[in-house]
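Residue numbers (this note's numbering), protein chains in the order written: chain E, 959 to 1252; chain X, 959 to 1252; chain B, 719 to 1096; chain C, 719 to 1096.
In case anyone wonders, no lab produced these hints; they're calculated from the structure.
A few of these clues could be false.
Straight-line C-alpha distance at most 30 angstroms; calculated BS3-like pairs for lysine-lysine [as the list claims (entries may be wrong)]:
#, chain 1, residue 1, chain 2, residue 2
1, X, K968, X, K1201
2, C, K802, E, K1126
3, C, K721, E, K1201
4, X, K1160, B, K955
5, B, K1004, X, K968
6, B, K721, X, K1201
7, B, K805, B, K924
8, X, K1126, B, K757
9, B, K1004, B, K802
10, B, K1004, X, K1160
11, B, K757, X, K1201
12, C, K924, C, K1003
13, C, K984, E, K1201
14, C, K924, C, K1004
15, C, K924, E, K1201
16, X, K1201, B, K776
17, B, K1003, B, K757
18, X, K1126, B, K721
19, B, K924, B, K1003
20, X, K1201, X, K1126
21, C, K776, E, K1201
22, B, K924, X, K1126
23, E, K1186, C, K1004
24, B, K802, X, K1160
25, C, K955, C, K721
26, B, K805, B, K776
27, C, K757, E, K1201
28, E, K1201, C, K1004
A few chain E residues that don't get close to chain C, going by computed Cβ distances all over 10 angstroms [to be verified]:
#, residue
29, E1007
30, R1073
31, E1218
Model, not experiment: these values are computed from the prediction.
Cβ coordinates follow ideal geometry from the N, Cα and C atoms, glycine included.
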Amino acid sequence: MTVLVDRDTKVVVQGITGHQGTVHTRQMQRFGTRVVAGVTPGKAGTQVEGVPVYDAVADAVRATGANTSCIFVPAPFARDALFEAVDAGIRLAVVVTEHIPFHDMLSMYHYALARGTRIIGPNCPGIGAPGVAKVGIIPNVVFRPGPVGVISRSGTLTYEIVSGISEKGLGETTCIGLGGDPVVGTSFVDALPLFEADPDTKLIVLVGEIGGTAEEDAADYIRAYVHKPVVAYIAGASAPPGKRMGHAGAIVLRGRGTAESKQSALRAAGVSVARFPYEIPELVADRLRAASHR
Amino acid sequence: MTVLVDRDTKVVVQGITGHQGTVHTRQMQRFGTRVVAGVTPGKAGTQVEGVPVYDAVADAVRATGANTSCIFVPAPFARDALFEAVDAGIRLAVVVTEHIPFHDMLSMYHYALARGTRIIGPNCPGIGAPGVAKVGIIPNVVFRPGPVGVISRSGTLTYEIVSGISEKGLGETTCIGLGGDPVVGTSFVDALPLFEADPDTKLIVLVGEIGGTAEEDAADYIRAYVHKPVVAYIAGASAPPGKRMGHAGAIVLRGRGTAESKQSALRAAGVSVARFPYEIPELVADRLRAASHR
Amino acid sequence: MVKLAEWRGKEIYRRYGIPLPRGTVVRSPDEAAEAVRTKTVPLPCVAKAQVLAGGRGKGGAVRFATTADELRSTVADLLALEFKGEKVREVLVEERLSIEQEFYVAITLDRSRRLPVLIASRQGGVEIESVEESAIDRQWVHPFTGLSGYHRRQVARTLGLDGAPARALAGILDGLWRAFVAEDAELVEINPLARVGESLVALDAKVIIEDDATFRHPQYAAIPDDRTPLEEVAREKGIAFVQLDGNIGVIANGAGLTMATLDVLKEYGGAPGVFLDLGGTDDPKKVTEAFLLMAEARPAAVFLNIFGGVTRCDTVAEGLVAALASVPSDRRFPLVARIRGNNEAEGIALLRQAGIASIPDLREAGRAVVAAASGGRR
Amino acid sequence: MVKLAEWRGKEIYRRYGIPLPRGTVVRSPDEAAEAVRTKTVPLPCVAKAQVLAGGRGKGGAVRFATTADELRSTVADLLALEFKGEKVREVLVEERLSIEQEFYVAITLDRSRRLPVLIASRQGGVEIESVEESAIDRQWVHPFTGLSGYHRRQVARTLGLDGAPARALAGILDGLWRAFVAEDAELVEINPLARVGESLVALDAKVIIEDDATFRHPQYAAIPDDRTPLEEVAREKGIAFVQLDGNIGVIANGAGLTMATLDVLKEYGGAPGVFLDLGGTDDPKKVTEAFLLMAEARPAAVFLNIFGGVTRCDTVAEGLVAALASVPSDRRFPLVARIRGNNEAEGIALLRQAGIASIPDLREAGRAVVAAASGGRR
């Protein structure tokens, strides 16, 4: 099984006529995703990569039964786009858009939560389940079907790591890029139970970063509720405190959110912690081997 | 069994030091309700009817394990009081306060909904389950344990009707006074499944009024999901259109919300509709007799 | 329910940036002429009697004028009018615009969904009730997220607008939403919303403010409504009091019980003339006040039907006895009482002392009142 | 993260009704003397250097003056100061108040709970990090319901206030909340919030505005921050560029990959000097700009580590080749490349044509960069 997406996933792309919207619609299609609709106000009746475009998400849902949205609209309009998706009955919204103010994201998160819609992102690469569906922008080439569930706060680092897992011949059930912003729709703690419950996922890879306490929260959760082996890597051990490292989230402030605190919390929860990305595939192979011998 | 309240119901009275708060705390106690705490800012450390008073609901919950709130605070402060109760983890809030602006109630309803707290009211008599607990202001004398579940939009009319049912020797599992305001936390449609699911409730009495479409919505729900017999009365058949009859809710406007439309919708759903309150006990007895013979 | 006259609604709309015709409200023909002289109102213009009842256009309460003199006499005519029972105290005088299209937009509450609903139709200028369902677009707006871009775009599509008029529409809808929330409105309606070239203008304004929110908006509490003078007095005393067409006065506590009492009286051939809901009170003075108010309405008979909850039976009895003592002889009425619930025995005893029996059966009590009223009909 | 100087933060607080000491910001001793003359600033007063670094009190950047002449020379001293690397351009001059108690209040974001958190302590005037947990009160505020009465009452209890000071506190907390939301702040802090008789006064102001929200608040985009000049240029070009202490430049795409690259370099004994995150781009010009910016930082060697996703490998190669052609000869640097992902083959081919090999293994590539940097250390 896969997590969050399956063969019934029908995607509407909000902002499909923009450059990224169009490029990634094509990539999602090549992956095998059922991209059933696009939305760009004022462009109803046109097509992008063979996908019909609608003025409104509600129209797209009515016409195509779309249940999942991939949002590419620019930051100033992202909140509106998400509200529209929720009100149209979309159950899963992958928000690729970056630079959304966290105050907007607070409203987006709590509204979606209240209405039962799950958000992945913002500022995220999205979800990929090899052989099933991809919603977002993770490069198609990195995937290979297999027993590993990947949860990551990073973008390209995820590609690098998933790619390494695939090249090692292991492969993934599903990979979720959560996004690195201060407020995310789905956190490690929200994503872990999905993989814990998925029978095909035999091991979970967790890719974290400095900043915040999401990894510490994850360690608490793993200790209490996760029985599958977990391998983790935390980027930014060498980053100096007080400097914001690219992501709005990635900053060590006032001694909080250091790589050390995250690594030691994870280790204490029984997680194998890689010091560098290239150590991950080996650790995964080891833990899978050990688990299968039990 | 009872509905919404049970032997674990522990009540905190918000606004306990006000006149109504104090009077009804005593009445609830006499009914057998576990009133464990009261809240009035600035009055911490005092007692009302032997009940300890706290400054904040969170303090009361921490100290006493209160899980249910009965709110008597004046309308301008009711929204704040409800938010406080929700944030303190209260699961059921009975809002007795009348004259709360519906814009406030919209926020209260949607916030409570999002956070998993049920509201009864506002402007409502509350809940009474004879022999178990009462939260609100329904006179103790009207009750008698029995197989009838009562759901009502009215106040005193409910007392009249419940009293009639009790005097007939029938009695109630639980009686819920929903309140007659335009926006209520729990509607007929929300309350019906509770009684449908309660094994001790053999018949449901629904007391409606002119105005709105809550009774028509209830008829739709009953037709689809309620298998127990239902007896209903709609007050206001003789009220002229365009006149607001006391309640903010009770008004026939533009031909909507007439007694006729409600009565015929309910009849079409298999409900026995009383023309006058005094017909209810007889109809209840008939339907109960018929049901027991099946 | 505080219904605002058009000009007051427009004052609100102006504060929220909704475009309106140029004009002003006047209370005399001289003021109207002065408005023309100062170019506050351009000619030709329209003069609209400020009454709350609908159907002003067909009823002759909206008229046109092309000169200052004509306007002066038109305003004089309108101020002399009594429209569906309402006296005309103000006339709104506005420029006459060249209208290309008339739309309908409004926001009100959907009780079933517990959400505000934004209603739009391309068919404006007529009562929305007369527009077929398929021509009405409804969108629900969540109080926590408010009016969003997609709501605005949907209304633009419904009305068939794009470009500058669609942008103007977006601003109007935002203003309407902000007014709905900030003014605690039950209804904000623009009908018609007129297209004039590339602009949109609110030709009419219907705003209803919620009674219960007047603690936040004391300015609305003082606004005259379509209440009778006695209803107005009752309102000031915090008593729900509605005048109907019949001759029997009903005093009960709680809206539901009061309505049920009316239903019973009607069944026995009685005609309720006053609906008086005591509400929940345990102040005998309030009961006395209610009775004296009832006496002012000169009922043929009065039915007191109380179920004591918050209100105690003995309180009511006490208040009633005090009232009966001070009702002037020409205002006396036959009384049938039925008091039940909390402190029932004490209440009944008090009444008995004053020579009043309480009839416990609702049917019997109803019949007794109807009989008393028809015997004593004036 | 736009950190505002105290005086700018106070300008915001003033707009939200938060009480402040009387005073003004000055940029010269003359302006300070003028402020005393016009009684804008009463004497005795305090002069505070407007720098973003903390520890001003102990560091001599806050001084007192009792006469206009003394203030003039104090301001002159402060304007000559360089405080923890920051030049002092403004001095805030304010009345000196007689303080009875110092509190701490702030609102910021709790990422884990995804809720704003209202923080209060009776121990103000010191860094909140140094206050023990038990003396700090935290309350979470839901964005849909906002700051409510019970939050305000709880803070009043924490600070031990009632009566007039508690009412003043309520107003301050409301202002702080409204500022937090309406200004898209990451942090609004008052430390200390001083009790002066029956009033409360915000003696300091720390406001951080969110970068991503500057589209709503363009006024904040132009405010100088504690960036280096090159970081400032990069910011204008929309490139994430951070200067560190080492001599190796890292160009990667994505914050995670860039940080991971730094981690690897450090493991092999390298010292990263510039962190440059290309982000997602498929514009070769942006890549060229990034390389030229990197050249300005004069790195001993540069590591280009790209995983092509949104960014395509060939785009990066194209931009890189163009950049190398235009880097001045005194700015050239050894380059190690590793490009993978979308259009990898095309990218590698383009690089090969320009004489650059791509090393696919991250360890090997890292070692190569460190070697190149130590060989070419200036």
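Status of each hint after checking the structure:
1. At roughly 41 angstroms between alpha-carbon atoms, K968 of chain X and K1201 of chain X are farther apart than 30 angstroms, so this suggested pair is violated.
2. The straight-line distance between the Cα atoms of K802 of chain C and K1126 of chain E is roughly 50 angstroms, outside the 30 angstroms bound, and the hint therefore fails.
3. Of the supplied pair hints, the one linking K721 of chain C and K1201 of chain E holds, its CA atoms being roughly 13 angstroms apart against a limit of 30 angstroms.
4. Of the supplied pair hints, the one linking K1160 of chain X and K955 of chain B is violated, its CA atoms being roughly 44 angstroms apart against a limit of 30 angstroms.
5. Between the alpha carbons of K1004 of chain B and K968 of chain X the distance comes to roughly 35 angstroms, so the proposed pair goes past 30 angstroms and is violated.
6. Proximity of K721 of chain B to K1201 of chain X is assessed by CA-CA distance (about 13 angstroms); at most 30 angstroms being required, the pair is judged to hold.
7. Straight-line distance between C-alpha atoms of K805 of chain B and K924 of chain B comes to about 19 angstroms, which keeps the hinted pair within the 30 angstroms bound.
8. Our distance criterion of 30 angstroms between C-alpha atoms is broken by K1126 of chain X and K757 of chain B, whose separation comes to about 75 angstroms.
9. Annotation: proposed proximity of K1004 of chain B to K802 of chain B is violated, straight-line Cα distance about 34 angstroms (limit 30 angstroms).
10. A threshold of 30 angstroms between alpha carbons decides the hint, and for K1004 of chain B with K1160 of chain X the separation of about 42 angstroms lies outside it, so the pair is violated.
11. Taking the CA atoms of K757 of chain B and K1201 of chain X, the gap is about 42 angstroms. The hint is violated against a cut of 30 angstroms.
12. For the suggested pair K924 of chain C and K1003 of chain C, the alpha carbons sit about 38 angstroms apart, so the restraint of at most 30 angstroms is broken.
13. Among the hinted pairs, K984 of chain C with K1201 of chain E is consistent with the structure: their alpha-carbon atoms are about 17 angstroms apart, no more than 30 angstroms.
14. Of the supplied pair hints, the one linking K924 of chain C and K1004 of chain C is violated, its CA atoms being roughly 35 angstroms apart against a limit of 30 angstroms.
15. Only pairs whose Cα atoms come within 30 angstroms are accepted, and K924 of chain C paired with K1201 of chain E is accepted, the gap being roughly 18 angstroms.
16. For the proposed pair K1201 of chain X and K776 of chain B, the alpha carbon gap of about 24 angstroms is at most 30 angstroms, so the pair holds.
17. Restraint check for K1003 of chain B and K757 of chain B: the C-alpha separation of about 55 angstroms exceeds 30 angstroms, so the hint is violated.
18. The hinted pair formed by K1126 of chain X and K721 of chain B fails the criterion: a straight-line CA distance of about 46 angstroms is larger than 30 angstroms.
19. At roughly 38 angstroms between alpha-carbon atoms, K924 of chain B and K1003 of chain B are farther apart than 30 angstroms, so this suggested pair is violated.
20. For the given pair, K1201 of chain X sits about 35 angstroms from K1126 of chain X by alpha-carbon distance, which is inconsistent with the 30 angstroms threshold.
21. At most 30 angstroms may separate the alpha-carbon atoms for a hinted pair to count; K776 of chain C and K1201 of chain E meet this at roughly 24 angstroms.
22. Taken as a hint, the K924 of chain B and K1126 of chain X pair is broken in the structure, with Cα atoms around 50 angstroms apart against an allowance of 30 angstroms.
23. Distance hint between K1186 of chain E and K1004 of chain C is unfulfilled; the C-alpha atoms sit about 43 angstroms from each other, more than 30 angstroms.
24. At roughly 52 angstroms between alpha-carbon atoms, K802 of chain B and K1160 of chain X are farther apart than 30 angstroms, so this suggested pair is violated.
25. This hinted pair checks out: K955 of chain C and K721 of chain C have alpha carbons roughly 20 angstroms apart, not beyond 30 angstroms.
26. Distance hint between K805 of chain B and K776 of chain B is fulfilled; the C-alpha atoms sit about 17 angstroms from each other, no more than 30 angstroms.
27. Taken as a hint, the K757 of chain C and K1201 of chain E pair is broken in the structure, with Cα atoms around 42 angstroms apart against an allowance of 30 angstroms.
28. Our distance criterion of 30 angstroms between C-alpha atoms is met by K1201 of chain E and K1004 of chain C, whose separation comes to about 23 angstroms.
29. A cut-off of 10 angstroms between C-beta atoms confirms that E1007 of chain E is not in contact with chain C; the least separation is 17 angstroms.
30. Every CB of chain C is more than 10 angstroms from the CB of R1073 of chain E (nearest about 12 angstroms), matching its label as outside the interface.
31. Remark: the non-interface label on E1218 of chain E is consistent with the geometry, its nearest Cβ contact in chain C lying 13 angstroms away (cut-off 10 angstroms).
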